[in-house]
Amino acid sequence: MDVLAELTGSVGSIGYGLAAIGPGIGVGIVWAAYIQATARQPESAGLTRTYAFLGFALSEALALIGFVVPFVYGT
Amino acid sequence: MDVLAELTGSVGSIGYGLAAIGPGIGVGIVWAAYIQATARQPESAGLTRTYAFLGFALSEALALIGFVVPFVYGT
Amino acid sequence: MDVLAELTGSVGSIGYGLAAIGPGIGVGIVWAAYIQATARQPESAGLTRTYAFLGFALSEALALIGFVVPFVYGT
Amino acid sequence: MDVLAELTGSVGSIGYGLAAIGPGIGVGIVWAAYIQATARQPESAGLTRTYAFLGFALSEALALIGFVVPFVYGT
Amino acid sequence: MDVLAELTGSVGSIGYGLAAIGPGIGVGIVWAAYIQATARQPESAGLTRTYAFLGFALSEALALIGFVVPFVYGT
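Residue numbers (full-length UniProt numbering), protein chains in the order written: chain C, 1 to 75; chain U, 1 to 75; chain A, 1 to 75; chain R, 1 to 75; chain H, 1 to 75.
Worth flagging that the hints you see were computed from the coordinates, not collected in a lab.
Hints may contain errors.
To give an idea of the chain C side of the interface with chain H (calculated C-beta under 10 Å), a few residues [stated by the list, open to error]:
id: 1; residue: L7
id: 2; residue: T8
id: 3; residue: G9
id: 4; residue: S13
id: 5; residue: I21
id: 6; residue: G24
id: 7; residue: G28
id: 8; residue: A61
id: 9; residue: L64
Note that CB positions come from ideal geometry on N, CA and C, so glycine has one too.
Produce the entire structure from the sequences given, and follow the hints as far as they go.
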């Protein structure tokens, strides 16, 4: 067997890694905003908590989709 | 069988991963702005909620388009 | 059969993915600015709405152009 | 044995490296927000500490998932 | 042995390089926040120092994991 380069692995790993960049930053931005908002207006903590979890979940979902995507296209 | 590199998978995974970077950050920015705006002016929560969901959906759509794009070009 | 690498797919997917990074962030920044501006000066919502949609559309267009570009260059 | 390039290794290393970009920035943003919020409103430190650790853990998790992903797709 | 390209090395180096991007930025954000917070409220320096070191260490760890990752997947 001729082997051109001794590289191994599936590009699905690269796909997930790329998909995790945005959510990794986005989740940090959402919680940073919630921390600063809660510190300034403690009485708003209950009002904005729903949206902190909503924003976190919607951003994180993009990375989790990236986890299953290689199974869709073929690993 | 000659194999040049033992890499497997579809580059569609890389495509989705790249397409998810921007929306992952963008969604976080939109919800962070809504959290901070709601904490400062709670009475504006109803007025800006429409635009928070609009901005989130329009940004997230770019990642979801990236999910179906490989089927268009061939996985 | 000579196989260079068991990779499949079109690099058009990578092209779209890269093209979606900027608009994904840009759309989020536009709507975040509109949400914060509307919360502080609710009376300005009508005046700036045109520009929010304009800024969103002009940024999103770059990703949509990235969607059709592979058909121009060949998928 | 014909060898095209003397590159070795698994692309899983590239995958982890990419997956660490976002959380590396996101974790920094979360703790920066907690530090600034605590410095301005020391009395809010207890209230926001939960969310600082929550935001840190949810962002960091994306990098740790990237560590195990190559075992799922094949290293 | 025929060698097509005179490239040598392991992609593990690329993996570590990518893994160092995020923490490099994140650690900077944490210390920048600590410097500005301490300059404004010098009396808060002792309270927030713990979290500055905590945030720095948790972000830096992601790059150090990237250093050992190639040994796990094969250099």
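Going down the list of hints, with the structure as the test:
no.	hint	verdict
1	L7	holds, 6 Å
2	T8	holds, 7 Å
3	G9	holds, 7 Å
4	S13	holds, 9 Å
5	I21	holds, 8 Å
6	G24	holds, 7 Å
7	G28	holds, 8 Å
8	A61	violated, 20 Å
9	L64	violated, 19 Å
Comparing the model with each earlier hint shows violations of hints 8, 9; every other hint is respected.
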